[in-house]
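J.: Here is how the chains run, residue by residue.
Protein chains: 2
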Amino acid sequence: MTDNKDKIFNQIKNKLIVSCQALPDEPLHSSFIMGKMAYAAYLGGAGGIRANSIEDIREIKKNVKLPIIGIIKKVYEGSEVFITPTENEVESLYNEGVDIIATDATKRIRPDGTTISEMFPRLREKYPDQIFMADCSTYEEAKEAYELGFDCLGTTLCGYTEYTKDRKLPDLELIGRLTKDFDIPVIAEGGIWAPEDIKKVFSLGVHAAVVGSAITRPMEITKRFVNAIVEVVDSGTCVK
Amino acid sequence: MTDNKDKIFNQIKNKLIVSCQALPDEPLHSSFIMGKMAYAAYLGGAGGIRANSIEDIREIKKNVKLPIIGIIKKVYEGSEVFITPTENEVESLYNEGVDIIATDATKRIRPDGTTISEMFPRLREKYPDQIFMADCSTYEEAKEAYELGFDCLGTTLCGYTEYTKDRKLPDLELIGRLTKDFDIPVIAEGGIWAPEDIKKVFSLGVHAAVVGSAITRPMEITKRFVNAIVEVVDSGTCVK
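So the protein lines, in turn, are chains A and B.
Yeah, the first sequence ends on 240 if you go by the working numbering, and it's all consecutive.
Yeah, the second sequence ends on 480 if you go by the working numbering, and it's all consecutive.
Quick caveat, the hints were computed from the structure, so don't treat them as lab data.
These numbers were taken from a predicted model, which means no experiment stands behind them.
Don't take each hint at face value.
What the hints assert, rightly or not - Chain A regions said to be covered by chain B (calculated; three or more residues, Cβ under 8 Å): (1) 11-17; (2) 39-46; (3) 196-203; (4) 229-238.
Claimed, not checked - With a cut-off of at most 25 Å between alpha-carbon atoms, the simulated DMTMM-like pairs for lysine to aspartate or glutamate come out as follows: (5) B:Lys-439 / A:Glu-196; (6) B:Lys-480 / A:Glu-26; (7) B:Lys-463 / A:Glu-220.
Ideal Cβ placement from N, Cα and C applies to all residues, glycine included.
When you get a sec, could you build the whole thing from the sequences and use the hints?
T.: In structure tokens, the structure reads:
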């Protein structure tokens, strides 16, 4: 591993990475707001930011000097792979300059008809010093990513592929197997809603963890509180 | 109670009220962002918004048509009372038009040297049809507010006065006593961080509950996750 890769991984070791994303159909969609969100995360002690799109990443860089995991979400017709799905998005992120580029590393067919095992060797050759994070949904996908030469493994897509949609998140069994079996950093991501969740994933030996919705998606947080109210009111157990 | 007061209280019954505030020293300080936060809360199912300052309230009204609990936080030298502390702030909120005006209803001396028991009768006479919410810190303060003629009781300041700073929040004992003893709406506010907390306060019979930081203050949420990581890493129990 190069010195620069070491440096970045040391910077995020045992740190919280806050995902600051709001897609065009979300109420907070705005690079200005994502920049402020990243700044709030920084002030709160975050050690890194995960962000989507060149526009958001540029704005976030103006607000904080933390390592950035960059992605580009792009939906192509006919493929379910949308997190940095093709070499075009990787190239954009590389040219913008982000510390870590994350890409879908599931077994699913990508928009150009290839799989990650065909795409990644080309990326590795073209960008040998770039840190790549594999967004996986299963143990087998993580193993494949490890063998392909990814620099770190993420559980980002566990629960979000057709074949993992029933998993309870965070998937502690998966996270524990990954930290046990692979000697590269494992980054827990997906379904971390409470401080108790994050204690569990760190006790399993992850290098860092990404939390998004629980911090930066007020609509999603509101829904959880509203659902809790509906549940208790409908149960008929309230004293008034 | 007037028909209009009934209407507002029916609108917020069994609802989540999301507090959308960012003071000048907070990273998200921006009326534009608070308007978007309120919109996100609305999309998530919130039944009301609590907001600070005329500027934020105006922007929020452009974004959502939900009942608003309005406050003006203003620090005056020599007094610890800062939530809508004097008749001037009440007048500003009344002139702007908010469904509910909340004011500090603790026993503490206000900036003009009076107490709530001196100020409130004047407010009640001047604005008979305005709904007033009493932000209290103790049972005795809530009892006083009830007797003064406040329209609803909030636990907002429990934990935030010198004589309640050791209370564990949300203070379920206090909330339970208020809903049991007073026949006006009790609004739980303060220290509600998780859906489990809100289930508990609704099971005690509150009319509505206000959640702020857990939804709209990403810096504070980040701190809780970061503290959890530090705790587990320092404990030395992680497998790596």
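J.: Within 25 Å, alpha carbon to alpha carbon, are Lys-480 of chain B and Glu-26 of chain A?
T.: violated, 38 Å
J.: Are three or more residues of the stretch 11-17 of chain A within 8 Å, CB to CB, of chain B?
T.: holds (count 3)
J.: According to a criterion of three or more residues whose C-beta lies within less than 8 Å of a C-beta of chain B, is the stretch 196-203 of chain A covered?
T.: Since three or more residues must qualify, the claim that chain B covers the stretch 196-203 of chain A holds, with 5 doing so at under 8 Å.
J.: Between the stretch 229-238 of chain A and chain B, see if three or more residues pass the 8 Å beta-carbon test, and mark the coverage as holds or violated.
T.: holds (count 6)
J.: Take a quick look at whether Lys-463 of chain B and Glu-220 of chain A sit within 25 Å of each other, Cα to Cα.
T.: With a Cα-Cα distance of about 19 Å, the restraint between Lys-463 of chain B and Glu-220 of chain A holds, given a limit of 25 Å.
J.: Please count how many residues of the stretch 39-46 of chain A have a CB within 8 Å of a CB from chain B and say whether that reaches 3.
T.: Result for this restraint: holds, n = 7.
J.: Between Lys-439 of chain B and Glu-196 of chain A, is the straight-line Cα distance small enough, at 25 Å or below?
T.: Roughly 18 Å between the alpha carbons, so the hint for Lys-439 of chain B and Glu-196 of chain A holds.
When held up to the earlier numbered hints, the structure conflicts with hint 6 and nothing else.
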